[in-house]
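Residue numbers (numbering that gives the first Met the number 0), protein chains in the order written: chain A, 0 to 281; chain B, 0 to 357; chain C, 0 to 368.
The set of hints was computed from the structure by calculation and includes no laboratory data.
Keep in mind that a hint or two might mislead.
[Unchecked claim] Chain A is faced by these chain C residues, among others (derived, beta-carbon under 8 Å):
| # | residue |
| --- | --- |
| 1 | PHE22 |
| 2 | LYS67 |
| 3 | PRO70 |
| 4 | TRP71 |
| 5 | VAL75 |
| 6 | MET77 |
| 7 | ILE83 |
| 8 | PRO86 |
| 9 | HIS87 |
| 10 | ASN89 |
| 11 | PHE96 |
| 12 | ALA101 |
| 13 | PRO237 |
We put the beta carbon where it would ideally sit given N, CA and C, even for glycine.
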Amino acid sequence: MNSSGYKIFKFVFLAFWASFVVAPFLWALTTSFKTINGVTSGATYIPWVDYEPSLDGWRNVLGSGSQGINVVEPFISSVYVTIGASALSLVLGTFVAYGLSRFKYRAGFIRNGDITFFFISQRIMPPVVLSIPFFLMLQQLGLLDSIFGLILVYIALLMPIAVWVMVDFFNNIPKEIDEMAMLDGCSPLQTFLRVILPNAKPGLVVAGLFCVIFGWNDFFFAFTLTFTETQLLPVAIVSLNSSATPWWSLSASALISIAPLIFVAVLVEKYLDRGNLAGAVK
Amino acid sequence: MASIDLKNIAHSYDPTAEDPVFALQPFNLHWEDGGTYALLGPSGCGKSTMLNIMSGLLTPSHGQLLVDNKDVTHLPTTQRNIAQVFQFPVIYQSKTIYENLAFPLRCIKMNKHDIDRRVKEVADLLNLTNILSKSANSVSADTKQLISVGRGLVRENVSAILMDEPLTVIDPQLKFELRRKLKEISARYGHTLIYVTHDQNEAMTLADQVVVMDKGQIMQMGSPEELFENPSHMHVGYFIGSPAMNFMNCRLNEQGIHIDDHFVPMELDGIADSAALNMGVRPEYVSFSDTPVANSVPAEIVEVQNLGKYAIATAKFGNQKVKARLSGKSKLPSGKTNLVLHKEHMRLYVDGHLYSAS
Amino acid sequence: MSIVAENINLTVDGEAYLRNVSFELPNEDFFIIVGRTKAGKTTLLRLLAGLEEIDSGRLTLDGNDLTKMPPWERKVGMVYQQFINYPHLNNFENIAFPLRRAGLPEDKIAEAVNKVASVLGVEEFLEKLPSELSGGQQQRIALARALVKDSKLLILDEPLVNLDYKLREQLREEFKNIFNDQRERLVIYSTTEPAEAMELNGTVIVMHEGEIIQIGAAEEVYNRPANTRVAEVFNDPPMNLVRGVVEGNRIHFNQDVIMALPDHLQTLAAGRYTFGIRAADINLQPNAYASEVQLGEINGSETILHIKLGDISLVTEQEGVHQYDLGASASVDFDLDQLYIFDNNGDLLFSPAANSSVEKAMQDQEKDN
Numbered sequence: 000m001n002s003s004g005y006k007i008f009k010f011v012f013l014a015f016w017a018s019f020v021v022a023p024f025l026w027a028l029t030t031s032f033k034t035i036n037g038v039t040s041g042a043t044y045i046p047w048v049d050y051e052p053s054l055d056g057w058r059n060v061l062g063s064g065s066q067g068i069n070v071v072e073p074f075i076s077s078v079y080v081t082i083g084a085s086a087l088s089l090v091l092g093t094f095v096a097y098g099l100s101r102f103k104y105r106a107g108f109i110r111n112g113d114i115t116f117f118f119i120s121q122r123i124m125p126p127v128v129l130s131i132p133f134f135l136m137l138q139q140l141g142l143l144d145s146i147f148g149l150i151l152v153y154i155a156l157l158m159p160i161a162v163w164v165m166v167d168f169f170n171n172i173p174k175e176i177d178e179m180a181m182l183d184g185c186s187p188l189q190t191f192l193r194v195i196l197p198n199a200k201p202g203l204v205v206a207g208l209f210c211v212i213f214g215w216n217d218f219f220f221a222f223t224l225t226f227t228e229t230q231l232l233p234v235a236i237v238s239l240n241s242s243a244t245p246w247w248s249l250s251a252s253a254l255i256s257i258a259p260l261i262f263v264a265v266l267v268e269k270y271l272d273r274g275n276l277a278g279a280v281k
Numbered sequence: 000m001a002s003i004d005l006k007n008i009a010h011s012y013d014p015t016a017e018d019p020v021f022a023l024q025p026f027n028l029h030w031e032d033g034g035t036y037a038l039l040g041p042s043g044c045g046k047s048t049m050l051n052i053m054s055g056l057l058t059p060s061h062g063q064l065l066v067d068n069k070d071v072t073h074l075p076t077t078q079r080n081i082a083q084v085f086q087f088p089v090i091y092q093s094k095t096i097y098e099n100l101a102f103p104l105r106c107i108k109m110n111k112h113d114i115d116r117r118v119k120e121v122a123d124l125l126n127l128t129n130i131l132s133k134s135a136n137s138v139s140a141d142t143k144q145l146i147s148v149g150r151g152l153v154r155e156n157v158s159a160i161l162m163d164e165p166l167t168v169i170d171p172q173l174k175f176e177l178r179r180k181l182k183e184i185s186a187r188y189g190h191t192l193i194y195v196t197h198d199q200n201e202a203m204t205l206a207d208q209v210v211v212m213d214k215g216q217i218m219q220m221g222s223p224e225e226l227f228e229n230p231s232h233m234h235v236g237y238f239i240g241s242p243a244m245n246f247m248n249c250r251l252n253e254q255g256i257h258i259d260d261h262f263v264p265m266e267l268d269g270i271a272d273s274a275a276l277n278m279g280v281r282p283e284y285v286s287f288s289d290t291p292v293a294n295s296v297p298a299e300i301v302e303v304q305n306l307g308k309y310a311i312a313t314a315k316f317g318n319q320k321v322k323a324r325l326s327g328k329s330k331l332p333s334g335k336t337n338l339v340l341h342k343e344h345m346r347l348y349v350d351g352h353l354y355s356a357s
Numbered sequence: 000m001s002i003v004a005e006n007i008n009l010t011v012d013g014e015a016y017l018r019n020v021s022f023e024l025p026n027e028d029f030f031i032i033v034g035r036t037k038a039g040k041t042t043l044l045r046l047l048a049g050l051e052e053i054d055s056g057r058l059t060l061d062g063n064d065l066t067k068m069p070p071w072e073r074k075v076g077m078v079y080q081q082f083i084n085y086p087h088l089n090n091f092e093n094i095a096f097p098l099r100r101a102g103l104p105e106d107k108i109a110e111a112v113n114k115v116a117s118v119l120g121v122e123e124f125l126e127k128l129p130s131e132l133s134g135g136q137q138q139r140i141a142l143a144r145a146l147v148k149d150s151k152l153l154i155l156d157e158p159l160v161n162l163d164y165k166l167r168e169q170l171r172e173e174f175k176n177i178f179n180d181q182r183e184r185l186v187i188y189s190t191t192e193p194a195e196a197m198e199l200n201g202t203v204i205v206m207h208e209g210e211i212i213q214i215g216a217a218e219e220v221y222n223r224p225a226n227t228r229v230a231e232v233f234n235d236p237p238m239n240l241v242r243g244v245v246e247g248n249r250i251h252f253n254q255d256v257i258m259a260l261p262d263h264l265q266t267l268a269a270g271r272y273t274f275g276i277r278a279a280d281i282n283l284q285p286n287a288y289a290s291e292v293q294l295g296e297i298n299g300s301e302t303i304l305h306i307k308l309g310d311i312s313l314v315t316e317q318e319g320v321h322q323y324d325l326g327a328s329a330s331v332d333f334d335l336d337q338l339y340i341f342d343n344n345g346d347l348l349f350s351p352a353a354n355s356s357v358e359k360a361m362q363d364q365e366k367d368n
């Protein structure tokens with residue numbers, strides 16, 4: 000009796016929690032199909048019954064609408080910046096992580112652990128601290144308001160994540176495997192590329208995923224470092240906000256901005272499912 | 000201080016399957032109160048499965064487990080009063096050694112005074128008294144293992160101690176010390192001690208009775224001497240003894256056994272014509288003679304290995320290869336000689352099982 | 000092939016693992032390093048492989064200076080205690096890996112891999128991954144990879160220690176055939192068990208606390224241990240060492256154990272010595288010296304008794320099964336024909352092996368003094 004009461008409680012709790020999580024998406028979804036009447040007339044959720052559905056919201060953001068801005072270009076810019084920065088961060092970060100995992104560095108009293116912490120500490124800092132320095136640097140380089148400039152800045156932000164995840168991952172691969180590769184004739188670089196990397200796929204997936212998520216969702220630097228030429232999606236969405244906010248367009252653009260991440264998450268989950276993330280080393 | 004009975008125990012990880020694969024074949028076993036036992040077998044033979052069933056980490060798919068005639072099959076581990084020591088030291092690294100030993104007692108809410116007494120008693124037994132205040136992380140691997148053992152002993156009503164290859168991490172030189180301590184403990188407290196290992200030396204030196212297992216089956220249970228003298232199964236003959244028992248395939252006729260050209264008169268009946276016959280004899284019971292004597296067969300020495308305190312000579316006759324274990328001080332044979340197979344130590348195996356005249 | 004080391008110092012994390020080690024290995028091709036754990040065996044092997052950086056000193060192989068040569072140039076094969084294989088490659092690729100690095104053509108690779116796989120009995124597993132094999136099989140794959148290379152040096156660091164007892168016996172047998180494959184290479188094997196060293200029958204290097212204390216043929220080291228440390232390390236159970244006195248034609252172990260000096264030791268000068276006697280040479284004899292049994296261990300065909308004679312602790316090994324309870328009394332005697340004598344520095348003075356003479360030993364000692 001204890002058991003079934005507990006089961007009911009679990010189910011109710013989880014159902015409640017699930018609805019709590021899903022509700023905002025549901026709201027956004029229904030709102031994106033409303034018109035101004037539908038929005039102001041209160042909280043309604045069922046199309047054709049409670050309100051008149053309309054594709055206005057979507058039309059505005061995807062085509063050229065009267066209320067709302069076209070988000071297709073910011074979307075593409077975001078894609079470029081996120082993919083570019085994540086890829087480069089992953090490559091650089093993985094190299095750094097391998098070095099920190101396998102070799103002993105020393106500069107005065109600074110050791111490996113300190114260097115790793117230095118990287119991680121970048122994420123602890125409030126972004127506002129970096130805003131002015133980055134602004135000035137990009138200005139000097141003439142890279143303000145450009146995709147390339149943003150990619151550079153994002154690398155500085157995302158590489159610590161890659162380092163953080165990969166150092167831990169490499170530390171879990173026994174050093175004896177490196178040694179075996181070296182005895183088999185591989186230089187340290189060949190060891191890294193031919194032996195360690197193939198075994199690091201799970202770690203790379205996780206690090207890559209984190210980089211993509213943080214990169215895609217960043218608002219602050221996208222905001223401070225761009226004006227007219229380049230615009231990233233989060234900024235574009237926010238710019239919709241005004242005294243007469245077109246909620247339907249806003250909802251539609253919010254959903255568009257989430258879509259890629261959901262897509263990536265589904266892909267990664269398939270990869271997870273295949274047990275590829277299980278420990279590869281005995 | 001309890002007897003343990005395993006009645007019709009068998010374990011399959013998928014018991015509902017049509018043809019279930021058994022990790023442990025059905026068996027009955029009785030562990031006498033206060034005895035020291037060893038479970039001996041190669042990796043994957045099921046010995047750890049059996050241990051986990053006894054301690055409660057695993058519920059058997061079939062059968063009953065009785066401790067002191069009380070059915071504990073479905074009782075959780077905490078209620079069985081069984082302590083288990085694992086292969087690798089399981090200790091709380093951040094606590095002191097005292098705290099590690101006291102932990103199980105704190106969990107059962109013993110009063111402080113009694114806890115102190117018990118911890119000091121066990122520490123004294125294991126020579127840990129001087130380092131009780133040290134952090135458990137700071138000591139060597141073998142001391143850590145001692146702490147693990149100590150934690151298993153500290154509860155007063157522990158009826159049995161199960162040990163899963165506990166000396167694996169210990170330095171060979173220190174194994175003797177630990178074995179001695181374990182024997183002292185079991186002698187003093189009368190715990191039933193069950194010890195799992197793949198090392199026959201450890202099993203034979205520590206236990207009064209050894210259970211030899213292979214592929215989920217119990218091959219034989221007996222004293223080290225019995226297992227040595229009368230292995231009931233060829234596998235036991237192979238697994239016990241270094242080098243393993245010699246097996247020579249042979250043929251049967253009315254008067255006895257033919258091993259190639261060598262004839263051994265024996266009274267035999269009830270053996271099927273199609274049975275596979277092997278004659279087993281331990282290398283310790285094989286010797287050499289310059290001249291032919293009773294029970295000898297002409298043979299040629301193929302190899303002699305001098306290992307210091309003993310030597311192993313391999314001799315060949317017909318299609319048979321036989322190893323002999325000789326004392327290091329005896330004269331080492333060479334070339335053509337006569338191999339003496341002492342009849343009273345020969346054992347006939349029919350389809351792998353020891354033949355006994357009924 | 001010769002290996003020469005000069006004044007090698009190696010410190011790891013502040014701890015001196017090898018202290019001013021110099022040696023010259025004789026021109027043999029099979030060495031076995033015997034020593035307790037932490038004796039320095041693994042460090043020495045890693046040194047030869049190039050996996051540890053030498054602080055100071057020089058290492059040469061056949062005249063080539065190896066000191067600064069990185070491991071990927073050294074042509075060394077190594078087998079670890081913990082079976083190390085590349086987890087992302089199947090077994091065939093695992094074995095083929097060094098050959099691919101060396102750029103061998105595909106058909107030569109297949110030929111070499113299949114050949115060594117059949118020698119080690121793993122042909123049927125070549126398509127599988129290492130993680131799908133048992134411990135013993137994984138170690139065979141690691142060994143196959145070490146053998147398939149055209150290496151000058153093959154290093155095995157206690158390769159059997161993580162395997163089941165019976166599997167070890169089996170593999171040792173196989174090793175003897177595997178290492179005789181007619182290639183010109185130096186094989187160095189390390190173990191803690193002297194019995195393994197004797198079974199494999201190579202040139203033994205005895206190590207203790209970071210130092211090499213004796214090099215010689217296995218039988219020679221067994222019969223003539225250079226000093227008490229070798230006598231302890233190279234015997235299982237360790238040789239019993241008793242500090243005693245020779246006085247008035249008698250050997251005194253302690254006030255209770257006094258024995259007449261045997262004939263072959265008559266010329267032994269009076270004084271303090273350390274006497275060594277193996278466990279197998281202390282026998283159970285009625286009406287001899289009474290000892291207290293501290294622990295009896297029965298092995299099926301042998302009994303090992305840990306006994307105490309007054310303040311002397313000894314280990315004795317007997318054929319057959321003898322039951323003794325803890326604390327019981329056992330009467331033992333010593334086989335003085337097998338007595339070893341070490342001087343006060345621990346160096347061997349006299350060994351009971353053939354061709355030893357006490358006179359010569361005494362003369363040599365006087366010369367040293």
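Now for the hints, and whether the structure bears them out:
| no. | hint | in the structure |
| --- | --- | --- |
| 1 | PHE22 | violated (22 Å) |
| 2 | LYS67 | violated (15 Å) |
| 3 | PRO70 | holds (4 Å) |
| 4 | TRP71 | holds (5 Å) |
| 5 | VAL75 | holds (6 Å) |
| 6 | MET77 | holds (5 Å) |
| 7 | ILE83 | holds (5 Å) |
| 8 | PRO86 | holds (5 Å) |
| 9 | HIS87 | holds (4 Å) |
| 10 | ASN89 | violated (12 Å) |
| 11 | PHE96 | holds (5 Å) |
| 12 | ALA101 | holds (6 Å) |
| 13 | PRO237 | violated (31 Å) |
The structure does not agree with the numbered hints 1, 2, 10 and 13 stated previously, though it agrees with the rest.
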